[in-house]
Amino acid sequence: METVAFYSYKGGVGRSLLLANAARFLATLGKGVVALDLDFEAPGLHYKLAGGQSYVDGRRSSNFPLPAGGAVPYLIATAEGTPSPPPLDEHMMSVPVPTDAGGWLRLMPAGPAPHQSYWAAFKELGERLRLSDPSGRGFMALLDLQARIGDELEPDYLLIDARTGVTELGGLATTVLADAVVCMFVGNQESLDGTLTVVEALKGTPRLANQKPIRVVPVLARTTAKPPEDERFAAGIKRLLELGEGKKGQSQDELALFALPHDDVLGASERLVGGEKKASAFSPLYKAYLELFQRLFPSGAEPAGRVLERLEAVANIREDLTSNRTEREEFHDLLPPWSSTSIEEGALCETRYRGKESYADSRYADLLCRGDKGSPLMVVEDVGDGDVSAALEFWGKFKVRCVVLLVKGQYPGRERRIFTRELDGADLHPVKRRDLPRPREFELLRDVGDRSVESMLEAVRHGHIEAVAWLVNEWRDSSLAVFGTDPGPRWRPERAQHILDGLATTEDLRCAEEILRRAKPRGYDLRHREHRFPGEWHFGDELEQKMAEDLFAPLFWRLPVEAVLKPREVRHYPGETSSLAGYRLMAEDLMGLRYDPDRSALEDAREMAARLPASHDHRDEGEVMWLHRGRREQIQRVRLSDDAPPALVWEEALQEEPYRLSTLEEAKEKVGAKVRKLLESNVGLRRRLKEVSGRRELATQGFLGSYEASGRIDLYPQVITAAAEVLGISPRYLTSVVFIHFSAWVLARESYDLDGQRGYGFAPSPRTSPFNRESPTHVTLVQAFTDRLIRLLKDPNLQAAFEKLSKQQPEPYTRWAPMRKLPLEKLRLLLLTARASAPALGLPGNEEYQ
Amino acid sequence: METDALNTLVSGAIWRADQLETHGIRPASQAWAEVSSLEEELAKALPVSESEGRIARRGAVRAALKAGDYDRAHALADGYLAEEAGPRSLKTALRKILEEDAQAMASRFPYASKNHSLREAQVLARRFREAGAFGLAA
Numbered sequence: 001m002e003t004v005a006f007y008s009y010k011g012g013v014g015r016s017l018l019l020a021n022a023a024r025f026l027a028t029l030g031k032g033v034v035a036l037d038l039d040f041e042a043p044g045l046h047y048k049l050a051g052g053q054s055y056v057d058g059r060r061s062s063n064f065p066l067p068a069g070g071a072v073p074y075l076i077a078t079a080e081g082t083p084s085p086p087p088l089d090e091h092m093m094s095v096p097v098p099t100d101a102g103g104w105l106r107l108m109p110a111g112p113a114p115h116q117s118y119w120a121a122f123k124e125l126g127e128r129l130r131l132s133d134p135s136g137r138g139f140m141a142l143l144d145l146q147a148r149i150g151d152e153l154e155p156d157y158l159l160i161d162a163r164t165g166v167t168e169l170g171g172l173a174t175t176v177l178a179d180a181v182v183c184m185f186v187g188n189q190e191s192l193d194g195t196l197t198v199v200e201a202l203k204g205t206p207r208l209a210n211q212k213p214i215r216v217v218p219v220l221a222r223t224t225a226k227p228p229e230d231e232r233f234a235a236g237i238k239r240l241l242e243l244g245e246g247k248k249g250q251s252q253d254e255l256a257l258f259a260l261p262h263d264d265v266l267g268a269s270e271r272l273v274g275g276e277k278k279a280s281a282f283s284p285l286y287k288a289y290l291e292l293f294q295r296l297f298p299s300g301a302e303p304a305g306r307v308l309e310r311l312e313a314v315a316n317i318r319e320d321l322t323s324n325r326t327e328r329e330e331f332h333d334l335l336p337p338w339s340s341t342s343i344e345e346g347a348l349c350e351t352r353y354r355g356k357e358s359y360a361d362s363r364y365a366d367l368l369c370r371g372d373k374g375s376p377l378m379v380v381e382d383v384g385d386g387d388v389s390a391a392l393e394f395w396g397k398f399k400v401r402c403v404v405l406l407v408k409g410q411y412p413g414r415e416r417r418i419f420t421r422e423l424d425g426a427d428l429h430p431v432k433r434r435d436l437p438r439p440r441e442f443e444l445l446r447d448v449g450d451r452s453v454e455s456m457l458e459a460v461r462h463g464h465i466e467a468v469a470w471l472v473n474e475w476r477d478s479s480l481a482v483f484g485t486d487p488g489p490r491w492r493p494e495r496a497q498h499i500l501d502g503l504a505t506t507e508d509l510r511c512a513e514e515i516l517r518r519a520k521p522r523g524y525d526l527r528h529r530e531h532r533f534p535g536e537w538h539f540g541d542e543l544e545q546k547m548a549e550d551l552f553a554p555l556f557w558r559l560p561v562e563a564v565l566k567p568r569e570v571r572h573y574p575g576e577t578s579s580l581a582g583y584r585l586m587a588e589d590l591m592g593l594r595y596d597p598d599r600s601a602l603e604d605a606r607e608m609a610a611r612l613p614a615s616h617d618h619r620d621e622g623e624v625m626w627l628h629r630g631r632r633e634q635i636q637r638v639r640l641s642d643d644a645p646p647a648l649v650w651e652e653a654l655q656e657e658p659y660r661l662s663t664l665e666e667a668k669e670k671v672g673a674k675v676r677k678l679l680e681s682n683v684g685l686r687r688r689l690k691e692v693s694g695r696r697e698l699a700t701q702g703f704l705g706s707y708e709a710s711g712r713i714d715l716y717p718q719v720i721t722a723a724a725e726v727l728g729i730s731p732r733y734l735t736s737v738v739f740i741h742f743s744a745w746v747l748a749r750e751s752y753d754l755d756g757q758r759g760y761g762f763a764p765s766p767r768t769s770p771f772n773r774e775s776p777t778h779v780t781l782v783q784a785f786t787d788r789l790i791r792l793l794k795d796p797n798l799q800a801a802f803e804k805l806s807k808q809q810p811e812p813y814t815r816w817a818p819m820r821k822l823p824l825e826k827l828r829l830l831l832l833t834a835r836a837s838a839p840a841l842g843l844p845g846n847e848e849y850q
Numbered sequence: 001m002e003t004d005a006l007n008t009l010v011s012g013a014i015w016r017a018d019q020l021e022t023h024g025i026r027p028a029s030q031a032w033a034e035v036s037s038l039e040e041e042l043a044k045a046l047p048v049s050e051s052e053g054r055i056a057r058r059g060a061v062r063a064a065l066k067a068g069d070y071d072r073a074h075a076l077a078d079g080y081l082a083e084e085a086g087p088r089s090l091k092t093a094l095r096k097i098l099e100e101d102a103q104a105m106a107s108r109f110p111y112a113s114k115n116h117s118l119r120e121a122q123v124l125a126r127r128f129r130e131a132g133a134f135g136l137a138a
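Top line first, the protein sequences correspond to chains A and B. Residue 224 in our numbering sits at position 224 of the first sequence, and the numbers go up by one each step. Residue 111 in our numbering sits at position 111 of the second sequence, and the numbers go up by one each step.
Any given hint might turn out to be false.
Said to hold, decoys possible - No more than 27 Å apart at the CA atoms, straight line, and that leaves these computed lysine-lysine pairs for DSS-like:
| # | chain 1 | residue 1 | chain 2 | residue 2 |
| --- | --- | --- | --- | --- |
| 1 | A | K432 | A | K408 |
| 2 | A | K203 | B | K114 |
| 3 | A | K212 | B | K114 |
| 4 | B | K91 | B | K66 |
| 5 | A | K247 | A | K408 |
| 6 | A | K794 | A | K821 |
By construction, these hints were calculated from the structure, which means they are not laboratory data.
Work out the full structure: start from the sequences and follow the hints.
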């Protein structure tokens, strides 16, 4: 039996709490422990260890039985010696210990303090137990108690709570009874000086014949900040360390003082954490306790080290699970961490199977993470250097979807091994990911370990918007070839293309919007760049440009038009890329023109402002006003319209009055109701479109949408959907084809050539009528560029939709096929010629602006 | 002082101490201390070769033990044991007195006495008495 006394020169340093924690900790390690309260003047160890029973009206108020006896009554009975001392059991109590390691903890409290009977007994003891009695009986009485505990109970440790200050009993407990003394003090000179005096005295005290030299372990308690750094204090600490024991400092040759940090939670609640298995108990104070226990109890040093490692590992995991991470930020900002309430600590998990080979088994999980409905999704178990396969065998039966095993590897700390299974899958399999799955991932992915591109694309196809960020991030990483970042992203163009193609097939509009938002330049967070490429993000602008050109622009054309048309963020300064990348892909890469809506808007504004009267006092103001009006995004000029398509209106009007030519508005007024009825009748509309397509008159302009010289584009989804059904293609892709077609019109007109000229003449007739159609040359060119763009996008669905549609269209719409043979330069030249010659040929121009 | 007078005083003191002890009166130890002092005086007056001198020596040690003054008892015994003229029987008797007393005390502290000698406890008690807790008053 080793006797350790806990002493402090001044009170209030957490001495009894440390003792109680040490006792419980040792008991959980399988040790037999007796805690003895010799702080007779202010006894309280039973409050710490026995759960704080109190006395009400002279009666104990507690669920936990406190013996009527204790050290004081026992010593009264034995102070003068007796051949038949009272049974120890009458003066001790068992303290329950949550352990199956075979340890136990018994407490000999001072007595039933603070009941009056205790103080009466204490007074009597003062008269009987005279330590200075020359007969040595006082000493013998205490030595007899200590020896009896050792003989009868055979504990591994006797822990004594010694009286604060310089008292007879405190002196005796520390100098005579103890093999080791923990001397606690706080970080001030008064406490240090007193402690130093006592420690020096302790070291100089003669020992009994069969006792080893006393060990003294000074402990600085309740540190909230750095202790004083003046010379006197530092010299005192140095002297303490010379006299006593410390822990290894930063330098292996140096000893450092054990310091217990102040802990509001544990300290205030006087909570016992010694032997606690739950990671939430793992506070800095508990960590410091364990480090101290390692030194203090050599036989428990190894288990304490294991506990320390285990709790540290589990606490780290717990923190990781419940906190927001910075890694993969763009993905994880959408995936909330686990809530504290969803994590159960120290869960005993059971598996039962009643069949031919029935079994029942249980295993302890350090952390059990539950989903919203309470079902277990993930377990974390610290296996240490234990049997991983046994753990896997059990968790395989437990049917949890993710198992995180913390394994002791060849390096300090724990190695994470993550195993997952598919939803309803049979076997756990190891996965490469090292970050811990978030709760939402269990909904997103069938197998949280499978974060392959295919798996994430599948999630997006199921409407899981969170996977978008991950995919965009992966696209970016796969598209980059960055040197100097190790481990950095690898250049994997095939993978990037696979991601792009996968994203482009997204049907879910929310996901499609999110894809564009994430792919958009400036969606790339500066913080993220700094994190991933510390000190090397000077290439951010190029990266943004690359994203705009290679990711955003293709997706702009390939994703559902409804998602593309959602209002985008307002540009903050001219030239800011934003959604212009899509238009620029067609204008600059194909048409060889410069699309600059800001410049166009400025020119238009100047033109408009110039028309204001010369006497206008606020000419500048007018210019700015027009500029702002003109700077509306082209994308905002595109709308999905429920209006009646002009071609259908004219058809109906001409059927009724074949020889009367009126305006479109007049015709709408006349036959509008009939056309609307036709639009509402899916069958009728399809029949009509079948007729039209049979005649090869399904012109894009007029039937599927319309484009005005002002830049406004109307798409008619009802007609497009019906036409898609007639043609046997997806309405989504047909809408995109129509959108691309009209966008080509806009760009051919609005973009600048090298001379800084826009193609004013490149526009359909402002007065749409059956006899006033757009130029066949223009249609041919627009279709040719539509074809070129679709081929550039390499989207088979768009290609199929475009080709099938054009087969049902009038001649100018089909001439793209022979135009394919032309080199792009030649096509560009034709476009420039058409733009320049259009007004001269008397084709519709920009007269509405004149 | 005359040995007769001392003998008279010793007899009275022994009777008084016995009475006090019989009636359980606490200051009996002081009475036994008086007995021990008187016996010591007698031992000084009587040579060890005389039987009365040997009786006085044994009485001084026994009374000191009864007074609880173990330091004194041991000091007296050490002194008498060192007397060259002292017969072997006296030395044996003195040792026996001390041993019996130690055994009697040990029987009252059965657990402690397995590991520690009473003498050690007495030494510590003396040091404690002289230097206070932790020996800080020394």
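Results for each hint:
{"no.": "1", "hint": "K432(A) with K408(A)", "in the structure": "18 Å, holds"}
{"no.": "2", "hint": "K203(A) with K114(B)", "in the structure": "26 Å, holds"}
{"no.": "3", "hint": "K212(A) with K114(B)", "in the structure": "17 Å, holds"}
{"no.": "4", "hint": "K91(B) with K66(B)", "in the structure": "19 Å, holds"}
{"no.": "5", "hint": "K247(A) with K408(A)", "in the structure": "24 Å, holds"}
{"no.": "6", "hint": "K794(A) with K821(A)", "in the structure": "18 Å, holds"}
In the structure shown, no violation is registered for any of the earlier numbered hints.
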